[in-house]
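Q: Sequence:
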Amino acid sequence: MGAALVLALSGCGSSEESPVGGETGQQRPSIEVVEVEYTAMMERVQDALTTEYGVGPWSQHGREPVTGFLCDEVEGGSGIALNLGSAGPISDQDWPAALKAVQDIVGEHGFTELDTVIDEPGDHLVRLAKSDGGYVDFGTQLATALSLLTGCHPTESSSAPAS
Numbered sequence: 013m014g015a016a017l018v019l020a021l022s023g024c025g026s027s028e029e030s031p032v033g034g035e036t037g038q039q040r041p042s043i044e045v046v047e048v049e050y051t052a053m054m055e056r057v058q059d060a061l062t063t064e065y066g067v068g069p070w071s072q073h074g075r076e077p078v079t080g081f082l083c084d085e086v087e088g089g090s091g092i093a094l095n096l097g098s099a100g101p102i103s104d105q106d107w108p109a110a111l112k113a114v115q116d117i118v119g120e121h122g123f124t125e126l127d128t129v130i131d132e133p134g135d136h137l138v139r140l141a142k143s144d145g146g147y148v149d150f151g152t153q154l155a156t157a158l159s160l161l162t163g164c165h166p167t168e169s170s171s172a173p174a175s
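For the sequence shown, counting from 1, position 117 maps to 129 in the numbering used here; every step adds exactly one.
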């Protein structure tokens, strides 16, 4: 899972069902809107993996704000990095179906660009990215890990019209 940690620290699509698309800069929805949507998305992923593949219980290993040079394409922008883990691994036999379940859920929110980082027996790691810099990392080895980086979005205060 060391690769998952490296990926989670390395960076800051659209859907008709999601208010979060590939907009640029200040056109993107606020981080406050994105945080609610993506938190619900990650909860759905956890529920699916727990129900279908026996992975769980989940623990949160960090929820950090992302600002500054990691989020410089949006003036006053912010992002959130979230890391979740479960002590239970996903078997090689179940990996393809578990990956499809994750892709289906996060794909509804524009995370559709699949990059396979590791795909070896007992060791799997993928990144599902979207055009605004957001991504979800999903991997399993001795445990199962999920990481989210929202991409950069304006805060409600930075996107409010000037009075």
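These are computed hints drawn from the structure, not numbers from a lab.
Since this is a predicted model, take the numbers as computed values, not measurements.
Mixed in with the good hints there might be a few duds.
Label-pair restraints from in silico Cβ distances [as the list claims (entries may be wrong)]:
| no. | residue 1 | residue 2 | range |
| --- | --- | --- | --- |
| 1 | T63 | Q39 | 31 to 39 Å |
| 2 | S169 | D131 | 38 to 46 Å |
| 3 | I130 | G88 | 33 to 41 Å |
Where is the CB? At the ideal position from N, CA and C, for every residue including glycine.
Q: So which of those numbered hints doesn't the model satisfy?
A: Hints that this structure does not satisfy do not exist here, as all of them hold.
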